[in-house]
Amino acid sequence: MHNRNPRIPRNWRSVNGVHWVKDEMSERLTEHLARDLDGGFSELVRIHGSAVRTYLYRVTGSAAEADDLGQETFLRAYKALRDYTPGRRRELRPRAWLLSIATNVWRNDIRSKVRRPVSAACVEDYSDRWADTGPGPEEWASRIAEREMLGAALGKLPERSRTAVVMRHVLGMSYAEVAEVQGCPVGTVKAQVSRGLLALRELLGPEAAHLREVRT
Amino acid sequence: MSGGVNGQGTGEPALARALAELADTGPTPFELKVLRYVGIPEDRYDTYVRVEAPAGGLYVAQSGPVVTGAVLAAVVGTAREFEERHLAATGRSAVPGTATAPGVRPAVRTGRARQLRIDLAGVGLTDAESAVLDAVRSIPYGQLRPTSWVVREAGLQGAAVPDAEPPDAEPPGGALQDGVPRGRTAQMAAALARNPIQLLIPCHRVTDDEGVPHDAAYGGAVGAALREAEGISPERVRALVRTHTVFLGSDTTHIYCHPLCAHARRITPRHQVPFRSARDARRAGYRPCRSCRPLAA
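From first to last, the protein sequence lines are chains A and B.
According to numbering that gives the first Met the number 0, the stretch in the first sequence is residues 0 to 215, in order.
According to numbering that gives the first Met the number 0, the stretch in the second sequence is residues 0 to 296, in order.
Rather than coming from a laboratory, the hints here were simulated on the basis of the structure.
Ideal placement from N, C-alpha and C gives every residue a C-beta, glycine not left out.
A hint or two may mislead.
[Unchecked claim] Covered stretches of chain B (in silico footprint by chain A; criterion: 3 or more residues with CB under 8 angstroms from a CB of chain A, positions within the stretch not fixed):
#, segment
1, 91-102
2, 148-156
[Unchecked claim] Result set (DSSO-like, lysine-lysine): computed pairs, CA atoms no more than 27 angstroms apart in a straight line:
#, chain 1, residue 1, chain 2, residue 2
3, B, Lys32, A, Lys189
4, A, Lys112, B, Lys32
5, A, Lys112, A, Lys155
6, A, Lys155, A, Lys189
7, A, Lys112, A, Lys78
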């Protein structure tokens, strides 16, 4: 069983990997959305903004594109919410819903541009900007190099594997939640993720031996 | 390369861990960009900035030019915790902003925040609590004031209530016992502990009537650091408490002050006359200072 990233707030948890149980934070958010669209939407952006942006950043490999597509994603979400009844807003599972929209926005963007994703060579990385304590400069440099390498390798995965790996391992979502975004069975997601990790190990090559040696 | 993701001893797959580190988990300027792009009215959310303050960072939230909340990083730890706390206190979402409200940085730097525009409407304070926090705002930089002074300046000194009355039985803004406000003390401590705009409403300058700092909102260590930055050393505070120097008079002018009043600081040691109470000072023929107002002067 993989550890989920403990730093990302969990809005959803699965029981036996299948059934959904809505937790308190998520319920507060959807209730807020049902009651007051603009206030609730601000809260939606506050809570899920970084997940949407991270997702788009890691699937596109470009921070600038992640910003643009992320803004488009939330604009679409807002327009949709405006037409939803309060009851429907209350039923939403916000993160999975937002990531489905983000995935569509991204695919449409690829289709319209018909080009390969930009490499992750020169990206603006927001993470750790709020960190009070960080590692020393040497470890820092090696971590940055590693992040870049990993980010670039992600960009070479096939679309489906890439989105599945990013949601499962970067965002720390459950297989069931990923399956909801992908619109496919949980088993399929597990296969996509495991194929994706295998391919990543191949792509990382010998320099990243310490990442390759350990089995999942 | 020996990065920080070897996963030794944890049994956790190194690749999975390295992937998890790719997440931007903290708040970013992206949220504000989105809210502006979508066109959410600016009065529907707050923005916040972390500014450097004497006891570490201070998260300051604002709505336009008005400060709506401030919490020391020593209290909330992370930006995310600050956001949650702000939402719980005000019902408003706060996203990272790019600029502070006018006057915030100078106020934090100089410790003089009386002119700063603040808004406590969203916090749901009682009238009495608002009055207390307003009075606390008027305590000058580098000085301390006891609870009874704050209660009096807040205009909460009314008809006497019996000593035995429990604090929570008192109606907000209601009566207060003259002199030692026992029920009020608890109520005041509660108001100070809830201080929604830490540092900028200087509750670190409030002591009990013996001179011991309250520090209800963030604990003694942080309070001591905040006071130290204003030139109030912990030793000085302890010495005043130990010698029961509630007020300090000058035998040349026959005026008595709060001991850290700018006028009291100018009294040379051989002319200093300590008093335990205003009554003692009055009996000795002293009058209260008109600027620090030990009694309504």
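Going down the list of hints, with the structure as the test:
{"no.": "1", "hint": "91-102", "result": "holds (count 4)"}
{"no.": "2", "hint": "148-156", "result": "violated (count 0)"}
{"no.": "3", "hint": "B:Lys32 / A:Lys189", "result": "violated, 34 angstroms"}
{"no.": "4", "hint": "A:Lys112 / B:Lys32", "result": "holds, 24 angstroms"}
{"no.": "5", "hint": "A:Lys112 / A:Lys155", "result": "holds, 18 angstroms"}
{"no.": "6", "hint": "A:Lys155 / A:Lys189", "result": "holds, 19 angstroms"}
{"no.": "7", "hint": "A:Lys112 / A:Lys78", "result": "holds, 24 angstroms"}
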